[in-house]
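Take a look at the letters that make up each chain.
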Amino acid sequence: MTVSIREKLEGKGLTVNSEHLPLLQARWDAIQDLKARIDSANLDDADISLVNIPGGDHIE
Amino acid sequence: MNEELIKKPVEELAPLIKNREVSSLELTKAVIDHAESLNEKVNAYVSFRRDEAEKEAEQADREIASGQYKGMYHGIPMAVKDNIYLKDEVTTMSSKIHGEFVSDYDATVITKMRDAGIVFTGKLNMHEYAWGITNNSPHFGAVRNPWNLDKIPGGSSGGSGAGVAADMTTATLGTDTAGSIRIPSSSCGIVGLKPTFGRVSKYGVFPLAWSLDHVGPMTKTVKDAAGLLEVIAGYDSNDPTSVNVPTEPYTSKLTGEVKGLRIGIYEEYYFKNVDSVVEDQVRKAIKTLEEMGAEVVTVNIPALQYAEYAELVTSLSEASTIHHRNLIKRPDDFGDDIRLLFEMGELFSSVEYLQAQQLRRQLKQDFRSAFEKVDVLLAPTLPVMPPDIGSDFADLNGKQVDLIDNFIRFMGPCNLAGLPAMTVPCGLNNGMPVGLQIIGPAFSESVILNTGFAFEQTNPLQGKRAGLTSSVS
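Quick mapping for you: the protein sequence lines, in order, are chains A and B. Start counting the first sequence at 1; every next residue gets the next number (UniProt numbering). Start counting the second sequence at 1; every next residue gets the next number (UniProt numbering).
I should point out that these hints are in silico values taken from the structure, not numbers from a laboratory. A portion of the hints provided could be inaccurate.
Calculated cross-link-like contacts (lysine-lysine; reagent style DSSO-like; alpha-carbon spacing at most 27 Å) [as the list claims (entries may be wrong)]:
#1 B:Lys-96 x A:Lys-12
#2 B:Lys-272 x B:Lys-287
#3 B:Lys-329 x A:Lys-8
#4 B:Lys-284 x B:Lys-373
Construct the complete structure from the given sequences, taking the supplied hints into account.
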């Protein structure tokens with residue numbers, strides 16, 4: 001099943017401006033082209049992408 | 001007299017104020033008169049605060065007269081970007097939704113600037129919510145580039161860039177999430193420094209993307225930037241991203257000596273798809289530094305190939321999260337351009353966001369490896385020249401290319417990796433300035449400032465200025 005950009009946005013409660021859709025689609029396609037490049041990236045399990053600082057925002 | 005006075009950088013004004021040859025009040029009035037006179041043309045300010053500024057200037061003059069001189073920025077008049085909160089005053093973010101927003105506290109940088117005796121002349125125009133690079137605001141009008149009023153000033157700190165270039169503010173602060181300090185600084189021929197992530201507090205600065213946002217100086221000279229960084233840098237427990245690393249006396253580290261400095265060049269990324277006129281100016285600047293005794297070394301940063309994707313996913317996702325509720329409730333109150341970006345940010349999955357963060361970690365590691373071989377990296381700030389207001393395209397060696405993609409291409413990596421980066425003017429092309437970008441390892445602001453300072457001594461713009469004059473001076 002393919003979900004369109006309109007359906008995705010409306011599914012999140014957003015009102016979609018129909019005039020935006022062609023440009024939105026074009027920009028989204030361009031990002032997907034960039035995403036294809038990361039298939040070659042060696043994403044290691046140990047590449048921790050978020051950190052959790054114990055007890056607050058800073059270690060004082 | 002006043003025409004000459006307002007052109008001066010802070011480094012020249014400071015001794016005049018300290019020695020009471022010029023009063024802060026006289027300077028403040030001159031800057032506001034000039035800015036009010038030019039604002040119809042340039043549109044750099046969204047609001048003036050003449051009465052408050054004159055009181056603050058009088059206070060500064062009293063303090064200086066009684067021997068309580070606080071330093072280089074004491075009594076200096078300055079406007080700030082309108083996403084930085086001044087207590088009990090309107091901060092609009094150049095938006096309709098926050099058009100009447102009043103903060104009940106000062107941003108930490110404002111507190112520090114008040115403590116340094118800075119006088120606030122008003123708030124500066126910006127791209128709506130800092131989410132764009134043209135400063136063509138549907139709510140506050142287009143900011144115009146003082147070097148050529150038909151051109152964009154760059155953004156999102158476009159009022160800041162244009163304001164400094166046109167002497168409408170003596171110096172200022174910008175914010176930078178994907179180049180918003182460096183883009184307008186390069187486009188307007190001034191110095192812009194994005195410090196290391198966490199070096200300057202963001203408490204009381206409206207966010208665009210939490211993990212990418214920075215606050216930093218935009219000034220007429222490198223020494224002015226160093227002095228302003230001394231004022232605003234430092235740990236702040238109110239900012240969850242603030243980092244407790246000691247600051248340095250940045251101005252006293254400006255020796256202008258670059259003998260033995262190792263300059264890194266990464267041809268495959270920073271010199272690929274660059275307009276030839278920009279490339280010529282930047283390569284000339286590198287040659288100049290080499291002739292001054294620096295050594296040029298080729299480096300490799302392979303993860304840069306993923307940077308554009310990681311930057312887009314991260315910035316779009318974080319920005320859309322911040323504005324998610326208003327995007328549902330008040331979509332028509334956003335400008336069309338940023339509404340589209342917010343809609344795009346809603347499309348990414350959590351896995352895509354987190355993969356972008358993994359790529360970001362690899363990028364940091366690759367930069368770290370490069371900085372084991374070199375002290376700084378040099379690159380063009382922008383690969384293309386600023387286009388006319390209203391255009392979504394830029395000229396790249398005769399081809400029309402997407403403006404946003406190309407303006408942020410060399411910016412995003414330093415936001416992702418949190419590295420300090422500065423732009424300094426390095427030449428002119430058809431009367432418009434070109435910027436040289438100097439990037440350093442984390443917390444190396446002293447090194448990149450000194451590299452820029454050394455280059456600045458060669459007078460790359462040969463004394464040329466934007467050249468706008470007011471009718472009052």
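Hints the structure violates: just list their numbers, smallest first. Violated: none.
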